[in-house]
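Q: Heads up: the sequence lines are chains C and R, in that order. Under the numbering used here, read the first sequence as residues 1 to 321, first letter to last. Under the numbering used here, read the second sequence as residues 1 to 321, first letter to last.
Hints may be right or wrong, so weigh each one.
[To be verified] List of simulated lysine-lysine pairs, DSSO-like, C-alpha gap at most 27 Å:
1. R:260 x C:13
2. R:234 x R:276
3. R:13 x C:264
4. R:176 x R:260
5. C:63 x R:283
6. R:36 x C:92
7. C:121 x C:176
8. R:149 x R:260
9. R:174 x R:186
10. R:186 x R:7
11. R:67 x C:63
12. C:180 x R:186
13. R:186 x C:63
14. C:283 x R:36
15. C:63 x R:78
16. R:186 x R:36
17. R:234 x R:283
18. C:63 x R:63
19. R:144 x C:45
20. R:63 x C:67
21. C:67 x R:144
22. R:45 x R:176
23. C:186 x R:180
24. R:45 x C:144
25. R:318 x C:63
26. R:149 x R:264
27. R:36 x C:67
28. C:144 x C:67
29. R:78 x R:318
30. R:318 x C:264
Worth flagging that the hints you see were computed from the coordinates, not collected in a lab.
There are 2 protein chains.
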Amino acid sequence: MLAAVQKALDGLKEREVNRVFFVACGGSSSLMYASKYVLDRESEKVDSDLYSSNEFVYRNPRKLNEKSLVILCSHYGKTPETVEAARFAREKGALTVSLTYEADSPLAQVSEYVIVYEDGKEANYVNEAPAVMLELVFGLLAAKERNQKFTDVVTSLEILGPILQQEKAKFLPKAKELAKSYQDEKVIYTMASGANYGIAYWFAICLLMEMQWIHSHAVHAGEYFHGPFEVVDKDVPFIVLLGLDETRPLEERSLEFTQKYSEKVVVLDAKEFDLKGVADSVKGYIAPLVLQAVLRQFAEELAEVRNHPLSTRRYMWKVPY
Amino acid sequence: MLAAVQKALDGLKEREVNRVFFVACGGSSSLMYASKYVLDRESEKVDSDLYSSNEFVYRNPRKLNEKSLVILCSHYGKTPETVEAARFAREKGALTVSLTYEADSPLAQVSEYVIVYEDGKEANYVNEAPAVMLELVFGLLAAKERNQKFTDVVTSLEILGPILQQEKAKFLPKAKELAKSYQDEKVIYTMASGANYGIAYWFAICLLMEMQWIHSHAVHAGEYFHGPFEVVDKDVPFIVLLGLDETRPLEERSLEFTQKYSEKVVVLDAKEFDLKGVADSVKGYIAPLVLQAVLRQFAEELAEVRNHPLSTRRYMWKVPY
């Protein structure tokens, strides 16, 4: 675990914390859905909300105060809305803990605690952003409520890097095959629930919409039967994630229906992962991290066959907005 | 105000309530987004969460207990997931208040307080579900925190019916014109933030996906610039809602960008509504109700020109799921 994570957790111990706000935009926000799920499932007392950074600032939650912990994230640390949210939270007396890849970024400068996470090919997975998020929330629960799962989380995350490599390698041939089959699709839906919904959201808005210009929407598996499922037809593609958390029955039910009426269903099932060494007590919380690493390959292969690199943008960082 | 609303509010006064769970599916859930916005903005102490019914049951929030108020809604009162959620909440000792159109429905039978709302052409708008939701949350705030806006909300809702008729009539010619222009679209996005996001969500999943089989996704106006906006092109249709709440700057910013790069933008701006008689203190909370009534006409006209009645279903209530 990074020294900066320990330092933030030590800082938390000194403070009364009755509420956590998870605040970020886009991909950085999607990391936090699993953390909100953890607090809902595990916490006796700590409330939590998750907002896109500008929504947080303008909504201006009345319960944001000196007993609040605000966890923020921005990869380059210069997302203006997230920097502003950190400033706003500090003005309200909240404790700010920010995750970023850039130590000298604006977000790092305005935040009380800064965790510079690792990223890229050389990174140790336990020090990457998704792992750090789980360490933070379980560290908070250990400090405030004597939750016993903190050690399980940390030891499980420490051995996760090789597991991700192994599961990615297993899925790669399938990813290549799927990319060929789906390369001409104009719309691809994603679907999940519980701890995994953030991954469905990330794949829809960042990988498909942002990086491939493919229309998408992360359907919540529980909402599916109350509207969205009426668009299903044999040629409507869905990516359905099956995790290991308590909401898996929702994902299984939505998959069963989709497979019956669509011929284009991509399934990623965390039950097929070999998670040897990951503690049973936290598998449901860690499954989305594996799903994310594995699913990303589908986008990488789509980018390849579509000749549309994941780095292509028409507006982001290029035009005023 | 319906006697049943007063009865539920009287019941609330007897209980300690530190947390509200808004629990429903699809269209009934979308009504509740504005109520969550109200509690975030106005409440000093009461926390709130909003979940699709099955997510609520399987997520099983640890803080659900005898100090929780669970507000549920199902039009026919027989949505199995919502009936189960009410049962589950009562087992945990929570106070359940359910909104339904059907007095003898399963949901009504399992809930502690039942509010049978009005609906249809003869209904008095102040007794329809969206109005009742606002009366409930402001009634709770008045009872628990002496919030002063309850009277403003009730008096504003009482005169809202004629305002809706007037604004619907004003928009109708535009709705007919838009329906003709958009009748062949395969994908239509919706966008909003804050108190209005639920209306964007409702239009996307219920009206477009469920009732017109048109692909859709309710983009959050704050998330837009962190992924989704890369799909925009001159022929990609967006419906952008502008409300009157504090997050309006997010909606204005996303509209400005969309209008620059897409030639197919439908704008509904609550500033153009004549809301005479609606108290200034609650206009931001009431705008989504007007946006909903007005926007619905666009779907009705789409249904007409596409020869695809809003009541057409291929799966819902027809096949097992």
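Q: A separate judgement is required for each hint: does it hold in the structure or not?
A: Taking the hints in turn, this is what the structure says about them:
no., hint, in the structure
1, R:260 x C:13, "49 Å, violated"
2, R:234 x R:276, "37 Å, violated"
3, R:13 x C:264, "53 Å, violated"
4, R:176 x R:260, "24 Å, holds"
5, C:63 x R:283, "22 Å, holds"
6, R:36 x C:92, "21 Å, holds"
7, C:121 x C:176, "21 Å, holds"
8, R:149 x R:260, "39 Å, violated"
9, R:174 x R:186, "21 Å, holds"
10, R:186 x R:7, "47 Å, violated"
11, R:67 x C:63, "18 Å, holds"
12, C:180 x R:186, "23 Å, holds"
13, R:186 x C:63, "42 Å, violated"
14, C:283 x R:36, "31 Å, violated"
15, C:63 x R:78, "35 Å, violated"
16, R:186 x R:36, "32 Å, violated"
17, R:234 x R:283, "34 Å, violated"
18, C:63 x R:63, "17 Å, holds"
19, R:144 x C:45, "20 Å, holds"
20, R:63 x C:67, "18 Å, holds"
21, C:67 x R:144, "21 Å, holds"
22, R:45 x R:176, "46 Å, violated"
23, C:186 x R:180, "23 Å, holds"
24, R:45 x C:144, "20 Å, holds"
25, R:318 x C:63, "45 Å, violated"
26, R:149 x R:264, "39 Å, violated"
27, R:36 x C:67, "21 Å, holds"
28, C:144 x C:67, "13 Å, holds"
29, R:78 x R:318, "15 Å, holds"
30, R:318 x C:264, "22 Å, holds"
Hints 1, 2, 3, 8, 10, 13, 14, 15, 16, 17, 22, 25 and 26 from the list above are not met by this structure, while the remaining hints are.
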